[in-house]
Amino acid sequence: MQHLEEGAIHSWLDGALSAEEAARVSAHVEECAQCAAAVAEARGFIAASSRILTALDHVPKGVVPIGVRAKPRNWTAWRAAAAVLVVALGSFSVLRERMGTRQNAEVVPFRATTTAAVADRAAIDTVQRESSPTNEAQSAKVLAKPTTPPSDGNQAVASKSKSQGTPKQDNVSALAAAPRPLAVASDLGRGTRENSATSQGAGTATTKIDVGAARVYGGRISEPLSGRVADVALSTRAAAGLMSDPAVGPVPIRVVGTPRAFGEKRTLYEIAPGDTVLLAEAVTFQLDAAVVTASGATRVAQSADTSAARQIKIRGAAPAVAAPPSAQSLNGVTTLTWTDASGNTMKLSGRHSYAELLEIRRRIEQLRAAEAAAKKTK
Amino acid sequence: MTDVERLFRTYNAALVRYLTRRLGDRDWAEEVAQETFVRALRQTSIQNERAWLFAVATNLVRDEARKDMRRRKHLALLAEEERDAMVEPEETTLERAQEAAMARKAVDALAERDRLALLMREEGLDYDEIAEALELSPGSVGTTLSRARRRLVESYEALQKSQEEREKNAAS
Numbered sequence: 001m002q003h004l005e006e007g008a009i010h011s012w013l014d015g016a017l018s019a020e021e022a023a024r025v026s027a028h029v030e031e032c033a034q035c036a037a038a039v040a041e042a043r044g045f046i047a048a049s050s051r052i053l054t055a056l057d058h059v060p061k062g063v064v065p066i067g068v069r070a071k072p073r074n075w076t077a078w079r080a081a082a083a084v085l086v087v088a089l090g091s092f093s094v095l096r097e098r099m100g101t102r103q104n105a106e107v108v109p110f111r112a113t114t115t116a117a118v119a120d121r122a123a124i125d126t127v128q129r130e131s132s133p134t135n136e137a138q139s140a141k142v143l144a145k146p147t148t149p150p151s152d153g154n155q156a157v158a159s160k161s162k163s164q165g166t167p168k169q170d171n172v173s174a175l176a177a178a179p180r181p182l183a184v185a186s187d188l189g190r191g192t193r194e195n196s197a198t199s200q201g202a203g204t205a206t207t208k209i210d211v212g213a214a215r216v217y218g219g220r221i222s223e224p225l226s227g228r229v230a231d232v233a234l235s236t237r238a239a240a241g242l243m244s245d246p247a248v249g250p251v252p253i254r255v256v257g258t259p260r261a262f263g264e265k266r267t268l269y270e271i272a273p274g275d276t277v278l279l280a281e282a283v284t285f286q287l288d289a290a291v292v293t294a295s296g297a298t299r300v301a302q303s304a305d306t307s308a309a310r311q312i313k314i315r316g317a318a319p320a321v322a323a324p325p326s327a328q329s330l331n332g333v334t335t336l337t338w339t340d341a342s343g344n345t346m347k348l349s350g351r352h353s354y355a356e357l358l359e360i361r362r363r364i365e366q367l368r369a370a371e372a373a374a375k376k377t378k
Numbered sequence: 001m002t003d004v005e006r007l008f009r010t011y012n013a014a015l016v017r018y019l020t021r022r023l024g025d026r027d028w029a030e031e032v033a034q035e036t037f038v039r040a041l042r043q044t045s046i047q048n049e050r051a052w053l054f055a056v057a058t059n060l061v062r063d064e065a066r067k068d069m070r071r072r073k074h075l076a077l078l079a080e081e082e083r084d085a086m087v088e089p090e091e092t093t094l095e096r097a098q099e100a101a102m103a104r105k106a107v108d109a110l111a112e113r114d115r116l117a118l119l120m121r122e123e124g125l126d127y128d129e130i131a132e133a134l135e136l137s138p139g140s141v142g143t144t145l146s147r148a149r150r151r152l153v154e155s156y157e158a159l160q161k162s163q164e165e166r167e168k169n170a171a172s
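Chains A and B supply the protein sequences, listed in that same order. Sequential numbering of the first sequence, starting at 1, is according to the numbering used here. Sequential numbering of the second sequence, starting at 1, is according to the numbering used here.
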């Protein structure tokens, strides 16, 4: 008998032959080693091709359509809201432990409420964020109000008027404020420098404000619980010291808070959206020097006009530190310690490498130089 | 249950999978499958349902058929029901994505008739149904399939080999 054709073998294996034909093939395969090998090979081809075709079912995600997918979104939003709430409560307890001063104690409820408000927003209208500037303006106000110390009445007014004047920017402020509510006033205070500072500051938040962003909030906000950065959310002097240097570089560094501590002047700088470092200066005087009150907004505007020239001068005036700073790391937070020109011990901490902190320090020094320059002109 | 609903429930999953493998696009596949069932509605009688459906779907892919939106709507609802019941495919890993890309290449390298016969066979069509759908003689289906399988596996293995070599080169 002739050897089997490949097609016949496949037909046989596929059960496509009549009983008679199948019996004939089967008998031949038992006798013929060559055809038995061909059958084995065909089995292999059948199994392998089947496997290859199954791989086709992994079509790229997103190809599978529509409606059904909307459901999990709510989940995420609620999760984000829960995360924010947890942080709010966590901040509350941390605050109680750490700060005993009366002023801080008074502010606590404000902070907690505000953060809760953010949580609610994250849950309810993550989508609306994008579409309704009016809401954003309002939320900016909501956020700005409690963070402004009662005495700074003028500034509250200033913020408000800005809110009305530039709704688009308020939008940005509100969003940037969600993970770090204290940034609100800062953004407002920047006046018209929209294209540099503000747009960058809000980079991640504005791109697409859907649940993805809410998720980011959750992640970001939970960070502070683990370290000193918790102070950001707790600071009572949100509106104080809000100065930024327009000439620093592509991502302007800025002060987002000055948490109080005894024997130390602490300043929180935001170096990128959601990324803060803490600068602690061992000094004996209180914060007064750094506090910018009602005239803050105007002063920033002025410094924007003049800082480029002045900065050079000031940098010359503040000599670079000779001794290299020492560094130590704990739980992913690196602390840089050095002594500045006037003999004060400085500590800069953040979740960054030594080299990054050095660069951040350089930028902070620039910023401070510009601040000093602005103050001198006053 | 209307006749078209029965048809839909019986054959939709296989038809969509066949078309997805054929087209590499699930949305498009579902659209064509729906169009196929719309066509089935217009038939007074169908001899061999499965062969008929696969043949029509195959032709629709060729012809880019005109769409019947009103009827499609009803079928879209049914499709959604079914999708709810379906298990989501696992998250696509890099490895899987690579496999899928190679499989797609290997399948695309086949002659059209070989490819269609193979995809239909994978969905359980027997030789007679394949012959009917593709207008082949029943005797040639075995040959077509054997050729398709051999070529598919060989070109996939060749792709795999060159991929491995690329990785090796990249590593060294």
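Hints listed in this document are in silico derivations from the structure and should not be mistaken for laboratory results. Among the clues, some could well be false.
[Said to hold, decoys possible] Label-pair restraints from in silico Cβ distances:
1. 28/B with 50/A: 16 to 26 Å
2. 332/A with 111/B: 21 to 31 Å
3. 57/A with 47/B: 42 to 52 Å
4. 113/B with 37/A: 50 to 60 Å
[Stated by the list, open to error] Covered stretches of chain A, going by a simulated chain B footprint (3 or more residues, C-beta under 8 Å):
5. 2–10
6. 48–54
[To be verified] Keeping only pairs whose Cα atoms sit at most 25 Å apart, straight-line, the calculated DMTMM-like set for lysine to aspartate or glutamate is:
7. 161/B with 57/A
8. 105/B with 41/A
9. 376/A with 365/A
10. 105/B with 157/B
11. 168/B with 95/B
12. 347/A with 264/A
13. 161/B with 281/A
14. 347/A with 359/A
15. 105/B with 82/B
16. 105/B with 365/A
17. 105/B with 27/B
18. 376/A with 264/A
In this text the structure is predicted, and so the values were computed from the model without any measurement. We put the beta carbon where it would ideally sit given N, CA and C, even for glycine.
Item to complete: Report the numbers of all earlier hints that the structure fails to satisfy, in ascending order.
Response: Structure breaks hints 2, 3, 4, 13, 15 and 16.
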